[in-house]
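Q: Now for the letters of each chain:
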Amino acid sequence: GENVEQHPSTLSVQEGDSAVIKCTYSDSASNYFPWYKQELGKRPQLIIDIRSNVGEKKDQRIAVTLNKTAKHFSLHITETQPEDSAVYFCAASDTNAGKSTFGDGTTLTVKP
Amino acid sequence: GAGVSQSPRYKVAKRGQDVALRCDPISGHVSLFWYQQALGQGPEFLTYFQNEAQLDKSGLPSDRFFAERPEGSVSTLKIQRTQQEDSAVYLCASSSLGGYGEQYFGPGTRLTVT
Numbered sequence: 001g002e003n004v005e006q007h008p009s010t011l012s013v014q015e016g017d018s019a020v021i022k023c024t025y026s027d028s029a030s031n032y033f034p035w036y037k038q039e040l041g042k043r044p045q046l047i048i049d050i051r052s053n054v055g056e057k058k059d060q061r062i063a064v065t066l067n068k069t070a071k072h073f074s075l076h077i078t079e080t081q082p083e084d085s086a087v088y089f090c091a092a093s094d095t096n097a098g099k100s101t102f103g104d105g106t107t108l109t110v111k112p
Numbered sequence: 001g002a003g004v005s006q007s008p009r010y011k012v013a014k015r016g017q018d019v020a021l022r023c024d025p026i027s028g029h030v031s032l033f034w035y036q037q038a039l040g041q042g043p044e045f046l047t048y049f050q051n052e053a054q055l056d057k058s059g060l061p062s063d064r065f066f067a068e069r070p071e072g073s074v075s076t077l078k079i080q081r082t083q084q085e086d087s088a089v090y091l092c093a094s095s096s097l098g099g100y101g102e103q104y105f106g107p108g109t110r111l112t113v114t
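Heads up: the protein sequence lines correspond to chains A and B, in order. The opening residue of the first sequence carries number 1 in my numbering; numbering runs sequentially from there. The opening residue of the second sequence carries number 1 in my numbering; numbering runs sequentially from there.
Because the hints were derived from the structure by calculation, they are not lab data. Note that beta-carbon positions come from the ideal geometry of N, C-alpha and C, so glycine has one too. There may be inaccurate statements among the hints.
Said to hold, decoys possible - Cβ-Cβ distance ranges computed for the label pairs, FRET-style:
id, chain 1, residue 1, chain 2, residue 2, range
1, B, P8, A, S9, 25 to 35 Å
2, B, T114, A, G16, 29 to 39 Å
3, A, E39, B, S96, 17 to 27 Å
Unchecked claim - Take a look, some chain B residues computed to stay more than 10 Å from chain A by CB distance:
id, residue
4, K11
5, S62
6, R64
7, S73
8, T112
Given the sequences, and given the hints that come with them, work out the whole structure.
A: And the structure:
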C-alpha cells in the first residue's frame with residue numbers, strides 16, 4: 001500500500017519568512033496530492049491540491065510542487081503570518097481507488 | 001449550505017460496549033470517507049463509499065468495525081466490543097468528485113474508551 005512520509009514534524013519561522021514542508025510517497029499509482037490545514041480542535045480544510053499531470057500550482061502565498069520521478073511534493077508558504085500557525089497534512093491519493101493516505105503532519109508556528 | 005456534520009461530538013464508552021457514530025455528508029456528495037485520527041497523527045483511512053456501495057474497507061482495523069451507507073447519504077460507523085486502542089477522533093469526509101477534489105471534513109467524533 002501507499003506510504004507517505006512528511007518532514008519536518010515541527011517548523012518554527014519568523015513572521016514574513018517562508019516555510020517549506022516536504023512529503024514523499026511510495027505508490028506510483030497515486031495521482032492526486034492535496035494539502036490540508038488543521039487548526040487546534042478543528043477539522044482539516046483543503047488549502048491547495050495538485051494533480052499528477054501538473055508540476056507546480058500557486059494560489060497567492062501558497063504553492064505546491066510535484067516531482068513524479070522522485071515521488072515527492074512540497075508545500076511552500078511565503079510571507080508567513082501568525083494566522084498560518086496550524087498543523088499541515090499532505091496526502092497522496094489514487095483516484096481510481098478513492099483511498100487517501102495522509103502524512104503525520106507538520107506543526108507550523110509563525111512567531112510575530 | 002450546511003457542511004458535513006457528525007454526531008455525537010464526544011462519546012465515552014466502557015470497554016466492551018458497542019458504539020455507533022453518525023455522519024451526515026453534504027447533500028449530493030456521492031463519495032464518503034471515514035478516517036481515524038490518533039492524537040498527534042494524520043487521519044488514517046478506514047473506508048470509502050461511492051453512493052451506497054462500499055468500494056474500499058481495507059483500512060478497517062478489525063472485524064469489530066463496520067460501516068454502512070444504506071441509502072447513499074447518511075453513514076454510520078459501528079464499533080463493537082470497544083477496546084482502549086479504539087480511542088481516537090473519527091472523522092468523516094464527503095466529496096462530489098470521488099477520489100479527486102476536495103474532501104470536506106466533519107468536526108469529528110472524539111471517542112474515549114475507559
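Q: It remains to establish, for every hint, whether it holds in the given structure.
A: Checked hints:
no. : hint                        : in the structure
1   : B:P8 to A:S9: 25 to 35 Å    : holds, 31 Å
2   : B:T114 to A:G16: 29 to 39 Å : violated, 46 Å
3   : A:E39 to B:S96: 17 to 27 Å  : holds, 24 Å
4   : K11                         : holds, 16 Å
5   : S62                         : holds, 17 Å
6   : R64                         : holds, 21 Å
7   : S73                         : holds, 18 Å
8   : T112                        : holds, 15 Å
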